[in-house]
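Peer 1: Using the UniProt record's numbering, the first residue of the sequence shown is number 1, and each one after it goes up by one.
Everything labelled a hint here was simulated from the structure, so no lab data went into it.
Check each hint, because a few of them may be wrong.
With a Cα cut of at most 20 Å, we get these calculated SDA-like pairs of lysine to any residue [to be verified]: (1) K172 x E159; (2) K78 x P214; (3) K78 x G54; (4) K172 x V222; (5) K172 x E149; (6) K172 x L212; (7) K78 x G64; (8) K238 x E159; (9) K172 x D237; (10) K145 x A100; (11) K78 x D53; (12) K145 x E159; (13) K145 x P95; (14) K172 x E211; (15) K172 x P214; (16) K238 x A184; (17) K238 x G118; (18) K172 x D76; (19) K78 x E241; (20) K78 x T98; (21) K78 x R186; (22) K145 x L128; (23) K172 x G64; (24) K145 x K172; (25) K145 x P214; (26) K172 x V217; (27) K172 x M1; (28) K145 x G118; (29) K238 x D53; (30) K172 x A184; (31) K145 x Q96.
Listed next, with one range per pair, are the computed distances between beta-carbon atoms [what the hints assert, rightly or not]: (32) V147 x Q96: 16 to 26 Å; (33) G210 x G54: 17 to 27 Å; (34) I110 x A184: 22 to 32 Å; (35) V222 x A86: 40 to 50 Å.
Being a predicted model, the structure only gives us computed values, none of them experimental.
Every residue, glycine too, gets a C-beta built ideally from N, C-alpha and C.
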Amino acid sequence: MASAADAVADIADGSSLAVGGFGLCGVPAVLIRALYEQGAGDLRVVSNNCGLDGRGLGQLLAAGRIARAMGSYVGDNKEFARQYLAGELEVELMPQGTLAERLRAGGAGIPAFYTPAGVGTLVAEGGLPWRYGADGAVAIASPAKEVREFGGRSYVLEEAITTDFALVRAAKGDRHGNLVFARAARNFNPLCATAGRVTLAEVEELVEPGELDPDAVHLPGVFVQRVVALTAEQAADKPIERRTTSATSASSASPARRKAGA
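Using the sequences and the accompanying hints, generate a full structural model.
Peer 2: Here's what the structure looks like:
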């Protein structure tokens, strides 16, 4: 695609989106920004979390453009928590592994599967608040799910997830849509890509078909319909969600390290 704006141009109000990333790692920030500028609203988003305040999906959230979110993590997104508790946003939370497998199943054409995660909790028994009313009461609660026993152990039935579109970010890709993800950015990106009926990929480095080692490809191009090449500046924009450092004093370093000036 000539630009991210062209790639997201046909995403309409009410569309469902599977969006890769975890926190701020591997987030398709350029496509999300283009969608924000495009103006689509009433979106149904499936993502591990909803970004941070003002970053990633947090931009769409702050603008009131997300109507429903499915994920496993709220984190430090204060606006997400505020909208959920105020009844402005419908939220379906689930175990992180269940989210991953529901996306994988959707991409593989498997309609549902059984998992032990959530058995004996509100995940299986129903009653998780999906939406609150203005008065703080639960307006919509999760339904009970089927539970069956296999080999003497109980499992809950979870349905697969598919979406109208998927937005992902890759470190490298070619014009056929074959993608390579860097380290932890491989988190939910491949799963979201397979679950979307139309998948948009922003790539930090675009190469010609045939340049990628087939054994190095993490996601084959059959799952990707649109590729957007990022500029060097866009590719380098990788904020850190939470920086944690520890001071190392010279006195605690070994003699060899002190001599080396470490």
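Peer 1: Look at each hint and say if it fits the structure.
Peer 2: Quick rundown of the hints versus the structure:
no., hint, verdict
1, K172 x E159, "violated (32 Å)"
2, K78 x P214, "violated (42 Å)"
3, K78 x G54, "holds (11 Å)"
4, K172 x V222, "holds (16 Å)"
5, K172 x E149, "violated (44 Å)"
6, K172 x L212, "holds (9 Å)"
7, K78 x G64, "holds (14 Å)"
8, K238 x E159, "violated (34 Å)"
9, K172 x D237, "holds (15 Å)"
10, K145 x A100, "holds (18 Å)"
11, K78 x D53, "holds (7 Å)"
12, K145 x E159, "holds (10 Å)"
13, K145 x P95, "holds (14 Å)"
14, K172 x E211, "holds (11 Å)"
15, K172 x P214, "holds (13 Å)"
16, K238 x A184, "holds (13 Å)"
17, K238 x G118, "violated (34 Å)"
18, K172 x D76, "violated (30 Å)"
19, K78 x E241, "holds (14 Å)"
20, K78 x T98, "violated (24 Å)"
21, K78 x R186, "violated (26 Å)"
22, K145 x L128, "holds (12 Å)"
23, K172 x G64, "violated (32 Å)"
24, K145 x K172, "violated (40 Å)"
25, K145 x P214, "violated (41 Å)"
26, K172 x V217, "holds (9 Å)"
27, K172 x M1, "holds (15 Å)"
28, K145 x G118, "holds (10 Å)"
29, K238 x D53, "holds (15 Å)"
30, K172 x A184, "holds (14 Å)"
31, K145 x Q96, "holds (18 Å)"
32, V147 x Q96: 16 to 26 Å, "holds (20 Å)"
33, G210 x G54: 17 to 27 Å, "violated (40 Å)"
34, I110 x A184: 22 to 32 Å, "holds (26 Å)"
35, V222 x A86: 40 to 50 Å, "holds (42 Å)"
The structure fails to meet hints 1, 2, 5, 8, 17, 18, 20, 21, 23, 24, 25, 33 from the earlier list, while all remaining hints are met.
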